[in-house]
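Peer 1: Got chain W; can you put chains H and Z on it based on the hints?
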Amino acid sequence: MSEQPNVAVDGADPVQEERREFRSYVWGAGMALLLTVVPFALLHWARLPRSPMVIVISVFALVQILIHFRYFLHISFAHKREDLQLILFSALLLTIMVAGTIWIMASLALRMAMPAS
Amino acid sequence: MSRETAKYPGLNLSSAHGKDHEAAESLMFGFWVFLMSDAILFGMVFATYVTSVHATAGGPEPYQLYDIKSIFVETLVLLASSFTFGMASLALKYKHSTPRLIGWLAATLILGIAFLCFELHDFSTMFAKGGVPSRSGFLSAFFDLVPLHGLHVTGGCLWLICLVGQIARYGLDTKTKLGIMRLALFWHFLDIVWIAIFSVVYLAGLT
Amino acid sequence: MSLPYVLAHPLGRLSLESLPFLQMLQDPSGANVINGIIATGAASMVAIGAIVTFALITRYRKWGVLWSDWLTSPDHKKIGIMYVVLAFVMLARALIEALLMRTQQAFGLGGGFLSPDHFAQLFSTHGTIMIFFMAMPFLTGVINYVMPLQIGARDVAFPVLNSISLGLTAAGAALVMISLCIGTFSTGGWFGYPPYTEATFSPGVGPDYWIWSLSLASLGSTFTGINFAVTIYKMRAPGMTFMRMPLFTWTALCTSILMIFAMPPLTVATAQLALDRYLGFHYFTNALGGNMMHFANLFWLFGHPEVYILILPAFGVYSEVVSTFSGKVLFGYRALVVATMAIAILSFTVWVHHFFTMGQSANINAVFGIASMLIGIPTGVKIYDWMWTMFRGRIRFTVPMIYSIGFMLLFVLGGMSGILLADPGVDYQVHNSVFLVAHFHNVAVPGVLFGMIAAYHFWFPKAFGFRLNERWGKISALCWIVGFMLAFFPLYGLGLMGMPRRTVAYSEPAYVPLEMVALLGAVLIIVALTALVVQLWVSIRQRDTNRVFAGDPWDGRSLEWSISAPPPEYNFAMIPRVTDRDAFTVAKENRSAYQRLETYEDIEMPKNSAMGPFIAAIGFFLAFGLVWHIWWMVILSFLATVAAMIARGFARNTTRVVSASDVRKEHHRWIDAVSVATAISRADERTPANGGLAQHETEGVVP
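Residue numbers (the working numbering), protein chains in the order written: chain W, 43 to 159; chain H, 38 to 244; chain Z, 1295 to 1997.
Derived from the structure by calculation, the hints contain no laboratory data.
The structure displayed is predicted, hence computed values, not measured ones.
Even glycine gets a Cβ: it sits at the ideal position worked out from N, Cα and C.
Wrong hints could be hidden among the right ones.
[As the list claims (entries may be wrong)] Computed cross-link-like contacts, DSSO-like style, restricted to lysine-lysine with a CA-CA straight-line distance of at most 30 Å:
hint: 1; chain 1: Z; residue 1: 1528; chain 2: W; residue 2: 122
hint: 2; chain 1: W; residue 1: 122; chain 2: H; residue 2: 44
hint: 3; chain 1: Z; residue 1: 1901; chain 2: H; residue 2: 56
hint: 4; chain 1: H; residue 1: 212; chain 2: H; residue 2: 44
hint: 5; chain 1: Z; residue 1: 1528; chain 2: H; residue 2: 56
[To be verified] Some residues of chain Z that are not near chain H, with every Cβ distance over 12 Å (derived):
hint: 6; residue: 1309
hint: 7; residue: 1952
hint: 8; residue: 1978
[Stated by the list, open to error] Chain Z stretches covered by chain H per the calculated footprint, using a threshold of three residues with CB under 8 Å from any CB of chain H:
hint: 9; segment: 1524 to 1533
hint: 10; segment: 1537 to 1543
hint: 11; segment: 1561 to 1574
hint: 12; segment: 1585 to 1598
hint: 13; segment: 1934 to 1944
Isolated chain W (complex conformation):
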């Protein structure tokens, strides 16, 4: 198959493009690093009560996941509709299935608790 040399793509200079995409990876990795270190540090040094800590961990995790999506997987709104629909649909189903499971099992744990074996 014919492979053109690295001519101008998307109307932009490939060297510039590469630099931009490289910076995107560095930025993403840096943010991810920060979003990792903070919760670990909080766990290790700050003695936060359970509920606030769980919220902090969840928020940092969610944001870091979005960072990964944006900077490593390059998912943005400039994507084909089906890619975005797929992510949205998967997220919706995941939420329904996981939240539903937790709701149901919690209710069962409350009402059907067995005596400790």
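Peer 2: What follows is chains H and Z alone, placed relative to chain W:
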């Protein structure tokens, strides 16, 4: 800066790659769909874990078994490996020399194997403390989730080795390129799952 | 499990005792002898069937053809046909099992002739086979055949993966078949609830057969779902927007999305059960922190979308059949599309209705009960749309249309009993009674099965180039409809009278008359099946008089009818350009159908691949080894799987070219046949005069 619509998830090849960029669309979308089903799979295993975390049946509890330092190291290692794979993807897209591409891939592999070594060490420490999967519902759930991720990473490492083999045999032809691009999606996906694991299992478990 | 042990037991826990007649010989009590004879009879049928098939293929020297034209073929049409063949074989087995169960229950007052264990295996295999190895392969086969043709594609997105999916499904079916000969099947029903299916209570091979056959089949279905979704998203002909796709393709799309997202919970549930059984984990055990409700929750997270996977393609078939045989455009296309999508999404929000009685709060039950009732609304919309399509159309009572009408009348009743069951208060009364059995058969048989049989009749001429015999088709349809009613309507009454499901015997004499009626229905269904077999036999013998090579025997509306019957391997000589819905009707109306082309191009097609049959074989051995604890077989099969995947990754030369001149020759052969064929009116479409070219009639039809 104007950017055309990305044809598929992950780093898109530019039109400098000719037909490969077109051919990638179906394959990458298909692999992305597969990853979504894998995400649901992990989601269900997560749900099992979260609803089993109290089912310790008098056996070892999370705080007795989890080693936060080791997890921190593993997290950094895996994050680094995502970065090195990103560098490999760039090397592929911008047609840098093949040795350079293989170098980044090798770095990713080494980091991946390091991750697995740390993880296996964690498991053996847990076993030594009586944290075996057959001890309680909580431990069974733990050993479904974390080793499932580890098995995926192992598969990814094996796939990486095969891709290097394909580069050696065929050079960077269409199929090899598409293989590397799919592995990139897989690798980043596994890092995302790990974020959920260290947050839900370890950090939350030790709070 | 040490190396010395493995070496001392090369066949794991397989032994002579695994053969079906052994218990009968060791302990010849009356019950054992009867059950032993039935079991041995069944095993013999499998063994003899296999031997006869092998012998015939050898006798007629067809192994080469079988391998190169069918088993290694990546052609979606061939794969589709093989799926449907598998489905029919498994349908026969599962119907015989149903007859045995019905007979037992007709004589079940105070005993009967089947042992409880045998009866339990029967209802387990009947359910497992009907869902996973009859209905799923049937609909997968029909979608495989028809969908790429309807969207103007040459094949599915991943042809070799398609072949692998077929192989995995066939391996699962083979595992279920071999359980008749060696060992026993699970007695835990088709959804295998623990802790009954845990090692503590079911230490034998039964649940393992169930786990691994399901694992193989569900892996195949996940890949199929991915394949179909990518095909529909990425490979539609130019101009075919989503809102110009035929309804069958829409339902295929939603079905594939359901497959992709519903299979993972099943994978998790069965894998966790396997870990419990094999490695002593505690997901679902009674002791040490296990919780059986995890299984029920996971299973039905899969199980409910699964039943919509089963019904949506059937709804698609009915849309095609009803509009074609009413000679009218489908009424309410947009509403049907929205209804299909609504059903797909809602199907993930109702799963608790399968276990209302298991102890969660009334609030949870209420939410899921309401969701379950809501899902009836889009289905109702569809029924009305089909009725409005028929209204003031020119209806032809062909066999597919008879099934469709039977469906509309009977399925609505099943749906209504579903709405009744959706109310948790009602469900508490009739849960796990035969009322429930009546409900799900009432939706599965007139819904799924009639749809699949209608699809078989509708598209058979396209696939094989000749029509099926109408008379035997009508006999079969009538027997199916009446047989179904007789077999299942009594169960509504029996359920309300308090008869539980899955009971081998009972002590209430009032049940007997209704059981007898049900038995009559079951017999009639066997007659219906026999009529289908006779129909195929007669049709093959009469095929030369009923050829429809021109390709459009029914005055069809969508693209699959615009090519020859059977189609060329590459489907379309030139990919059509689509400008509207009902693309072929539009082409016929502006006289752009049946054109010779100006230029012909080379067509690139995928090469044959041995991956499909290879994965099938090692999948089977992997599963068999797991069931019988033959660890060397497991390890070797697993390594072979990995090696095959790696080898496939290194494969490069995977396509071949059909030359432009071959394409031109084939296309001209067809166009020449079309030009000499007589265009027949719809009145004559079931006569031998039908050569596959239809007059397009618009007189007397209100659009």
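Peer 1: Next, verify each hint and record whether it holds.
Peer 2: To see whether the hints hold, each was checked on the structure:
1. For the hint pairing residue 1528 (chain Z) with residue 122 (chain W), the CA-to-CA distance comes to about 11 Å; that is within 30 Å, so the pair holds.
2. Restraint check for residue 122 (chain W) and residue 44 (chain H): satisfied, since their Cα atoms lie roughly 6 Å apart, inside the 30 Å limit.
3. Only pairs whose Cα atoms come within 30 Å are accepted, and residue 1901 (chain Z) paired with residue 56 (chain H) is accepted, the gap being roughly 20 Å.
4. Distance check on the hinted pair: residue 212 (chain H) and residue 44 (chain H) sit about 18 Å apart at the alpha-carbon level, within 30 Å; holds.
5. For a cut-off of 30 Å, the pair hint linking residue 1528 (chain Z) to residue 56 (chain H) stands: about 16 Å separates their Cα positions.
6. The beta carbon of residue 1309 (chain Z) is kept farther than 12 Å from every beta carbon of chain H, the shortest such distance being approximately 27 Å.
7. No Cβ of chain H comes within 12 Å of the Cβ of residue 1952 (chain Z); the nearest lies about 19 Å off, and the non-interface call holds.
8. The claim that residue 1978 (chain Z) is not at the interface with chain H holds, since no C-beta of that chain comes within 12 Å of its own (minimum 43 Å).
9. Residues of the segment 1524 to 1533 of chain Z lying with their CB closer than 8 Å to a CB of chain H number 4, which satisfies the three-residue condition for coverage.
10. Counting residues of the segment 1537 to 1543 of chain Z whose C-beta lies closer than 8 Å to any C-beta of chain H gives 0; at least three are required, and the coverage claim is violated.
11. A count of 8 residues in the segment 1561 to 1574 of chain Z with a Cβ less than 8 Å from any Cβ of chain H is obtained; the coverage claim is therefore met, three being the minimum.
12. As drawn, the segment 1585 to 1598 of chain Z meets chain H at 4 residues by the rule of a beta-carbon pair under 8 Å; at three or more, the given contact holds.
13. Residues of the segment 1934 to 1944 of chain Z with a Cβ under 8 Å from some Cβ of chain H number 4, which satisfies the need for three, so the listed coverage holds.
Violated hint: 10 only; the structure is consistent with all others.
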